[in-house]
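Q: Single-letter residue listing:
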Amino acid sequence: MKSTITLAFAGIMTVGWASQAHSEDYITLASTTSTENSGLFDAIVPLFEQATGIEVRVVAVGTGQAFEIARRGDADSLLVHDTAGEKTFVENGYATERADVMVNDFVLIGPASDPAGIADAQNAAEAFADIAEVEAPFTSRGDDSGTHRAELRLWDEASVTPEGDWYRELGSGMGPTLNTAAAMGAYVMSDRATWVAFENPQHLTLLFEGDDVLFNQYGSLLLSKARYPHLKRDLAEQWHQWLLSDEGQQAIAAFEVEGQPLFFPNAQ
Amino acid sequence: MPQETNAFFVAISLLLSGDAALMSIVALSLKVSLVAVLVAAVLGFPLGAAVALWRFPGRGVVVVTLNALMGLPPVVAGLCVYLLLSRAGPLGEWGLLFTPAAMVIAQVVLVLPILAALSRQKVEELLGEYREQLVSLGMSRLRMMPTLLWDARFALLTVLLAGFGRASAEVGAVMMVGGNIDGVTRVMTSAIVLETSKGNLPLALGLGMVLLTLVMLINAAAYVIGEMARRRMG
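Chains D and R supply the protein sequences, listed in that same order.
Take 15 as the starting number for the first sequence in the numbering used here and just add one per residue.
Take 23 as the starting number for the second sequence in the numbering used here and just add one per residue.
If you are wondering where the hints come from, they were derived from the structure by calculation, not from laboratory data.
Owing to the predicted nature of the structure, the values given are computational and were not obtained by experimental measurement.
Note that beta-carbon positions come from the ideal geometry of N, C-alpha and C, so glycine has one too.
Among the hints, a few may not be true.
[Claimed, not checked] To be clear about the criterion: a stretch of chain R counts as covered by chain D if any three or more of its residues have a C-beta under 8 Å from a C-beta of chain D, and this derived list gives those stretches:
#, region
1, 198-208
2, 221-230
[What the hints assert, rightly or not] Have a look at the derived ranges for each label pair, beta carbon to beta carbon:
#, chain 1, residue 1, chain 2, residue 2, range
3, R, 39, D, 39, 25 to 35 Å
4, D, 274, R, 37, 27 to 37 Å
5, D, 63, R, 238, 33 to 43 Å
6, D, 148, R, 93, 39 to 49 Å
7, R, 234, D, 273, 33 to 43 Å
8, D, 82, R, 31, 35 to 45 Å
9, D, 148, R, 49, 45 to 55 Å
[Said to hold, decoys possible] Some residues of chain D that are not near chain R, with every Cβ distance over 10 Å (derived):
#, residue
10, 65
11, 106
12, 114
13, 117
14, 129
15, 135
16, 198
17, 224
18, 260
Taking the hints into account, I'd like the entire structure generated from these sequences.
A: Have a look at this one:
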């Protein structure tokens, strides 16, 4: 029975995909929706592929799920944004290397009428406290993504426990959360890249930005060769190094949406 | 321009432009779903016929299970196949996760119960009609299986289409095991999810219309083939 099934699948693979010409040299990169949705990968990955001949297959998910994919040995490299989580990941031995690649920032989006008056807030914590005080609707990612983790840290900083009818945990990616916020006229925290590239803002507008705590660091991680011997470590290493190289860093800096740079390279 | 009208123009221009990226997405969608339905048919029709023909202990449980699995949520199927094919899973060595083959496997899991359950029902109906003739011909159950399946072929064509509809319309399973990788595992439904998440609703809706058009064409083709065959057979 088992051999029949194996044969059937072998059949599928040869019949169906022999025709599809893909290079054997590829890596699977687990990354976040912000980098994919903003179009960053469309801009920089072809440059890397041209330089090295290595194809990069991007699986774009929340940072929490990206860690899980890598932990199970299903990705060759990670590009995520949760520095604390990344360091723990390295400490636990799943990854052996981590490096800063680039930053962007979080921005607070809300209805143009701004019922909580966060546009005048002195800092991000005050803006969050203002929203909680008037219990204005707020949509949270609620999906253990890097953005969700950062949002929870900010509530903590504002000494607010976000709960109640006004606080909606959606369990969705950044884009769907923005769609919901637009439909509800709710406040929402977004990374700038997804917001600028987002095409369905309706009455939402950018209300608060610029506080240092809204700084959003992206890191690249290389998985442990000892723990995951089947991974394409050599190819992943080339990608990792390219991101940190002058060429990679310039490609990131050159990426713009509507004339606005969205990611700022900051490799050491 | 209202968004919905806009989407209509997007759909038309997408179809007319023959955009290479779109065509490869459409081709992959069709390839994955058609292969999945074929594999499911090869396994599911004999299974359905066997359950209809043989009496064995626990048969009721099998029938109920097959019927219930017709409603298996795609994400659950996706999650199970994901855990199976992940490097940390029992079939991890095959290295199939995030490939089209993984998507086919997930869709087979979704479609197989539909094909098996519905073909069981059709064959059982026919068996009720023809049992005496078949027995008087001295046919064994094993010999009855192809005869009854062949006799039910027009009904089974509709069953195949139901399976294809399920496969081409679902997104939860292919997204989870395929990863929606651009140019490798991105299909129509996962492209629609992606464009929706970018807030590009007209393009998402336009892609939806393209998908619907394709499904219509396939159903129309099946209808015409069925009618022609029926007329020829009398």
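Q: Now, for every hint given, state plainly whether the structure supports it.
A: Quick rundown of the hints versus the structure:
no.: 1; hint: 198-208; verdict: holds (count 5)
no.: 2; hint: 221-230; verdict: holds (count 3)
no.: 3; hint: R:39 x D:39: 25 to 35 Å; verdict: holds (31 Å)
no.: 4; hint: D:274 x R:37: 27 to 37 Å; verdict: holds (33 Å)
no.: 5; hint: D:63 x R:238: 33 to 43 Å; verdict: holds (37 Å)
no.: 6; hint: D:148 x R:93: 39 to 49 Å; verdict: holds (44 Å)
no.: 7; hint: R:234 x D:273: 33 to 43 Å; verdict: holds (37 Å)
no.: 8; hint: D:82 x R:31: 35 to 45 Å; verdict: holds (41 Å)
no.: 9; hint: D:148 x R:49: 45 to 55 Å; verdict: holds (52 Å)
no.: 10; hint: 65; verdict: holds (18 Å)
no.: 11; hint: 106; verdict: holds (15 Å)
no.: 12; hint: 114; verdict: holds (26 Å)
no.: 13; hint: 117; verdict: holds (22 Å)
no.: 14; hint: 129; verdict: holds (23 Å)
no.: 15; hint: 135; verdict: holds (26 Å)
no.: 16; hint: 198; verdict: holds (15 Å)
no.: 17; hint: 224; verdict: holds (24 Å)
no.: 18; hint: 260; verdict: holds (26 Å)
The structure is consistent with each of the numbered hints, conforming to all of them.
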